[in-house]
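Okay, so the sequence shown: first residue is 5 according to our numbering, each after it adds one.
Misleading hints may appear alongside valid ones.
What the hints assert, rightly or not - Here are the in silico distance ranges between beta carbons for each label pair:
| no. | residue 1 | residue 2 | range |
| --- | --- | --- | --- |
| 1 | I102 | T60 | 19 to 29 Å |
| 2 | V11 | G122 | 14 to 24 Å |
| 3 | T35 | D86 | 28 to 38 Å |
No lab work stands behind these hints: they were computed from the structure. Beta carbons are placed, not taken as given, at the ideal position from N, Cα and C, and that holds for glycine.
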Amino acid sequence: MNNINPVGWFELPVTDLDRAEQFYTTVLGITLTRQPEINGLIMSWFPWTEGAKGATGSLVLSPDYAPAPEGAGVIIYFTTTDLDAALARTIEAGGVVIIPATSLGEYGTMARIQDTEGNHICLHTSTHTNA
Numbered sequence: 005m006n007n008i009n010p011v012g013w014f015e016l017p018v019t020d021l022d023r024a025e026q027f028y029t030t031v032l033g034i035t036l037t038r039q040p041e042i043n044g045l046i047m048s049w050f051p052w053t054e055g056a057k058g059a060t061g062s063l064v065l066s067p068d069y070a071p072a073p074e075g076a077g078v079i080i081y082f083t084t085t086d087l088d089a090a091l092a093r094t095i096e097a098g099g100v101v102i103i104p105a106t107s108l109g110e111y112g113t114m115a116r117i118q119d120t121e122g123n124h125i126c127l128h129t130s131t132h133t134n135a
């Protein structure tokens, strides 16, 4: 993973997307971009600049996402160049694959795993696998 920042994306689960957008817009002085609903999931993306430092992410409203302590809380996406190998290492290290490799279309492929502490994180590659 040389020359790759390990955190590539994050997701903040919300219960009221309008309220959350207003909060982050006010606190950070930014504009979020709401995305169309897909399968019950609505995202509002934080700004992103190609080549800039840091990671970006989104607010997420979905029945499958809940803020901590009821749900998984913040989901961080770790970038990998070989998703299949990272999933195999997850199991070897005592983790659990929650969502197997899943295509994100033009955005690559992701999988959600649970670490040995019970945290849910996602592994992401910009390439497409057989998901």
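These are the hints, each one checked on the structure:
1. In this structure the supplied range 19 to 29 Å holds for I102 paired with T60, their Cβ-Cβ distance being about 23 Å.
2. Against the hinted window of 14 to 24 Å, the Cβ-Cβ separation of V11 and G122 comes to about 19 Å, which satisfies the hint.
3. Distance hint check for T35 and D86: the Cβ-Cβ separation is about 35 Å, which falls inside the suggested range of 28 to 38 Å.
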